[in-house]
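Peer 1: Whole structure, please, built from the sequences with the hints as guidance.
For the sequence shown, full-length UniProt numbering assigns the number 1 to the initial residue and increments by one for each residue that follows.
If you're looking for bench data, these hints aren't it; they were derived computationally from the structure.
Keep in mind the model is a prediction, meaning the values are calculated, not measured.
C-beta: ideal position from N, C-alpha, C; glycine also.
Some clues are possibly wrong.
Distance ranges between label pairs, derived from CB positions [what the hints assert, rightly or not]:
(1) Lys53 <-> Glu121: 17 to 27 Å
(2) Val60 <-> Glu95: 14 to 24 Å
(3) Leu45 <-> Asp116: 32 to 42 Å
(4) Gly48 <-> Glu84: 28 to 38 Å
(5) Ala72 <-> Met33: 35 to 45 Å
(6) Gly88 <-> Asp119: 16 to 26 Å
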Amino acid sequence: MSRCFAKLWISALVVLSTTLWWNLDHLLDLDAMTLRACSFEVFGLVQGVFFRKYTQQEAVKLGVVGWIRNTARGTVEGEIQGPEDNYGDMKRWLETKGSPQSEIAKAIFSDERTIDKRDFESFDIRRTR
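Peer 2: So this is what it looks like as structure tokens:
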């Protein structure tokens, strides 16, 4: 492939991706969405049952960002942030569903708030604290 063709191809990709992202942002009107955030802790049989992995998958599916980790108390804790509807769906999932082998006793949500922008770019599994 010639250098000129490669530069042209890369330029076309940049323009196309920029246009697609602008259109996606415009269609979803992300700036107009109400973003919600909270901390959470889930109690019950939530360690050793792939709870963190399934939580990460659900968060990605819902477009929610944040993090989760095991605690020394045998619980999982974390933070979620996302558009109000998706945020609510994620909270319900943490309270009632979890991973297939988990047994959720209760979920506590704290520091619930409206935010202007996300503090995270993805949903991460963190090291045990």
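Peer 1: Indicate, hint by hint, whether the structure satisfies it.
Peer 2: Structure-based check of each hint:
{"no.": "1", "hint": "Lys53 <-> Glu121: 17 to 27 Å", "in the structure": "holds (19 Å)"}
{"no.": "2", "hint": "Val60 <-> Glu95: 14 to 24 Å", "in the structure": "holds (19 Å)"}
{"no.": "3", "hint": "Leu45 <-> Asp116: 32 to 42 Å", "in the structure": "holds (37 Å)"}
{"no.": "4", "hint": "Gly48 <-> Glu84: 28 to 38 Å", "in the structure": "holds (33 Å)"}
{"no.": "5", "hint": "Ala72 <-> Met33: 35 to 45 Å", "in the structure": "holds (36 Å)"}
{"no.": "6", "hint": "Gly88 <-> Asp119: 16 to 26 Å", "in the structure": "holds (19 Å)"}
Figure legend: structure checked against the earlier numbered hints; every hint is met.
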